[in-house]
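*Asks:* Spelled out, the chains give:
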Amino acid sequence: MSVATPGRVAYINARVLDPATGRDGPGEVLTSGEEIVDVARKLFDGHPPADVEVVDCGGMCLAPGLVDTRVQLREPGEEHKESLKSAGEAAVAAGVTTMVCLPNTNPIMDDEPTLEFVARRARLLALTKVYCYGAITKGLQGKELAEMGLLAEAGALAFTDATRAVADAQVMRRALQYAATFGLMIIQHPEEPTLATGVMNSGELATRMGLAGIPREAEIIMLERDIRLVAMTDGRYHAAHISTADSVEIIARAKADGLKVSCDTAPFYFALNELAVTDYRTFAKLSPPLRAENDRRAIVEGLKSGVIDAIASDHAPQDSDSKRLPFPQAAFGGSGLETLLAVSLDLYHNGDMSLLEVLRRLTSAPADLLGLEAGRLAKGRKADLTIFDPDQGWKVIADKFKSKSKNSPFDGRPVQGRVLRTVVDGRVVFNAMPHAAKESTASPVNRTPAKAR
Amino acid sequence: MRDPAFPHRHLLGIEGLTPAEINYLLDLSDRYVGVNRGPEKTSDALRGRTIVNLFFENSTRTRTSFELAAKRLGANVINMQVETSSVVKGETLIDTAVTLNAMHPDVLAVRHPDSGAVKLLADKVNCGVVNGGDGSHEHPTQALLDALTIRRRKGRLSGLLVAICGDVLHSRVARSNFLLLLTMGARVRIIAPRTLIPSGVDRLGVEVFTDMTAGLKDVDIVMMLRVQSERMRGSFIPSVREYFHFFGLDRAKLGQAKPDALIMHPGPMNRGTEIDSDVADDVERSVIREQVELGVAVRMAVLEVLANNASAHNAAGHNAAGHNAAADSRQGLPGRTGT
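Those protein sequences? They're chains S and R, same order as listed.
Each residue of the first sequence is one higher than the last, beginning at 7 in this note's numbering.
Each residue of the second sequence is one higher than the last, beginning at 29 in this note's numbering.
These aren't lab readings, by the way, just hints derived from the structure by calculation.
Note that this is a predicted model, so its numbers are computed, not measured.
A couple of the hints might just be wrong.
[As the list claims (entries may be wrong)] Pair by pair, the computed Cβ-Cβ distance ranges are:
(1) R:T120 with S:R234: 36 to 44 Å
(2) S:G418 with R:V236: 53 to 61 Å
(3) R:G144 with S:R234: 27 to 35 Å
(4) S:K406 with R:G228: 53 to 61 Å
(5) S:A237 with R:G144: 28 to 36 Å
(6) S:P119 with R:K286: 36 to 44 Å
(7) R:E258 with S:G28: 53 to 61 Å
(8) R:S227 with S:D44: 36 to 44 Å
Glycine included, C-beta positions come from ideal geometry on N, C-alpha and C.
With the sequences and hints as input, model every part of the structure.
*Replies:* Next comes the structure, spelled out in structure tokens:
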């Protein structure tokens with residue numbers, strides 16, 4: 007890979023998917039330097055000039071690079087768990103071209119220098135684009151408002167206390183008001199901390215395993231409270247990683263009431279249920295905890311209906327020392343970057359959603375929530391692309407992750423959907439395209455778009 | 029007989045005053061500005077009268093202003109600084125009122141940290157009461173002196189566009205000012221971060237802005253409010269630095285206002301917090317020192333009118349002390365010489 011500005015590149019013989027415009031069909035994309043300059047059914051009447059580099063996609067899917075709006079990068083502060091470099095390599099291997107990191111680094115991103123450090127380091131690495139959220143409260147302590155205005159000027163896209171809920175209602179009210187002063191969004195980890203003292207989902211399984219439960223009500227109560235505060239303040243609110251059936255209903259109602267509310271979920275919550283923690287598997291100890299099967303199904307329905315706007319990886323790398331502990335002592339969190347696309351494609355392979363709709367929740371929808379230019383294939387936009395085979399099967403082997411941390415609850419799971427190439431600003435940052443596909447210009451295999459079954 | 033142009037016993041707030049009453053007080057104040065600028069600053073309008081400054085909250089400039097106003101009218105002045113007890117404030121306040129009332133003052137100038145406390149006290153005394161600031165409720169003499177300052181500079185209040193910027197939520201100055209300005213036909217904008225905007229304020233007739241650049245566009249008057257430092261440590265505002273960056277009045281933000289816009293501040297100023305020294309000290313546009321000067325004239329006008337109304341009230345035989353009224357009457361206590 008090279009940081010030099012590339013020339014003109016024609017991606018031909020692709021199934022072009024652009025959720026923002028609804029495009030899904032055979033097509034070609036021309037990039038020049040860092041930008042997309044054309045998206046068409048056929049470029050150059052099939053005869054590209056000699057100075058254009060031609061990449062034959064072999065009928066594979068070409069889509070905007072994924073926009074992952076919830077990752078923990080652990081740098082600065084916990085580089086033994088993850089670094090900007092290891093996370094960046096994991097991200098590009100997963101087709102992620104933009105990621106937004108939580109402020110729970112050390113030092114915490116409640117001041118401009120930390121934010122600027124991460125932005126500068128990420129730029130030098132020149133892998134996936136990295137944006138940051140700022141802290142809502144100083145030190146993520148939930149008490150005093152952080153300098154949201156100045157942090158936003160330094161590049162913070164929105165504000166969150168990361169894996170902690172803003173529990174104090176007065177602080178949350180003022181955070182919503184203060185952020186709204188500047189048109190900024192507050193992102194909540196919706197969990198009432200006084201109820202969330204357990205280690206897994208509350209219920210029969212927790213009782214059998216003898217583990218302290220986190221009731222679904224911890225999430226439901228916090229969401230309902232927050233929605234009231236949003237109505238009161240006219241603030242802009244986003245609920246991260248919702249996990250219960252009631253949460254979907256609450257968000258749907260808030261949206262119907264015209265409130266400025268959105269939400270996301272992570273693949274964990276539509277692809278797994280609480281049974282994943284059986285045998286005290288600490289890799290499946292997540293926050294919020296994996297819920298019951300009816301909740302999982304409701305999350306799938308929420309994605310289908312659009313109540314859940316986006317899918318984010320919720321990448322929470324933990325070193326093995328934090329996970330190889332008795333279940334109650336083990337750290338919360340799962341590695342999510344490298345399984346983001348493949349596990350999300352379950353929604354397509356299971357017939358729940360069309361490929362385009364799954365991609366929408368991974369590209370243009372999260373980009374729109376944060377006001378990012380990313381996530382669409384349009385003239386003049388940055389050439390952030392991913393080429394993938396939606397059908398290729400593989401088995402998740404966490405030990406092979408590029409991420410430093412291997413704590414995936416999907417370890418050993420057979421999945422479908424393989425990233426072949428990732429392009430950021432026109433540069434190839436990840437390439438696993440078979441040589442044959444590159445050369446096969448003779449008989450293009452134009453697959454017809456698979457319909458949602 | 030009470031002054032027909034301002035027939036109220038008390039001045040507890042701007043709310044309820046008519047434009048004619050406000051103009052009357054401003055006209056009277058205007059005359060005292062001349063007196064104050066002359067060589068002989070003392071009149072005998074209130075000779076022999078007693079004015080009590082009853083302050084339940086620390087204040088230097090307002091108390092001094094009332095004291096000077098009373099002395100220039102020839103009245104006797106007593107300053108009482110009362111520490112508010114954290115328990116049974118209401119009882120203590122009423123006890124204080126009854127005690128003071130027995131000493132027959134003519135006017136009490138009262139400041140109290142609790143909204144409504146001055147009215148509670150006013151209900152228990154026979155004399156006139158002027159509100160020198162109650163909690164986050166009203167500070168009518170400040171609004172009158174601000175109005176006088178504007179009227180003298182601009183020749184009118186009606187039709188002007190006034191921006192009130194800063195901690196509107198906790199500010200009695202802001203409330204009295206927008207009530208007065210709206211009554212007099214001015215347009216009022218408030219500009220603040222949303223944490224410092226009181227709920228429902230837009231329904232009181234003001235326009236709400238959260239951006240200084242947009243809010244200051246084409247205004248005639250920029251009124252800055254003081255922001256208490258204890259509110260700038262994360263509860264309402266993240267930091268002084270951030271507040272000054274977005275809401276502090278500096279040359280660049282002021283550039284949005286009309287070229288002849290006036291800069292006002294009720295004092296005391298936090299330089300570098302809500303206002304840059306560069307604009308605070310701009311002799312062409314800052315009228316902050318003039319506000320202090322006119323404050324004395326306004327308080328002279330208010331004290332004179334209220335003292336005379338109080339005499340008329342007591343001459344008419346009213347007594348707020350309830351069951352003691354008859355007894356006091358027999359002893360001839362409330363009936364001082366009317367004017």
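*Asks:* Now, for every hint given, state plainly whether the structure supports it.
*Replies:* Here's how the hints hold up against the structure:
{"no.": "1", "hint": "R:T120 with S:R234: 36 to 44 Å", "verdict": "38 Å, holds"}
{"no.": "2", "hint": "S:G418 with R:V236: 53 to 61 Å", "verdict": "57 Å, holds"}
{"no.": "3", "hint": "R:G144 with S:R234: 27 to 35 Å", "verdict": "29 Å, holds"}
{"no.": "4", "hint": "S:K406 with R:G228: 53 to 61 Å", "verdict": "59 Å, holds"}
{"no.": "5", "hint": "S:A237 with R:G144: 28 to 36 Å", "verdict": "29 Å, holds"}
{"no.": "6", "hint": "S:P119 with R:K286: 36 to 44 Å", "verdict": "40 Å, holds"}
{"no.": "7", "hint": "R:E258 with S:G28: 53 to 61 Å", "verdict": "54 Å, holds"}
{"no.": "8", "hint": "R:S227 with S:D44: 36 to 44 Å", "verdict": "52 Å, violated"}
Violated hints amount to a single one, hint 8; each of the other numbered hints is respected by the structure.
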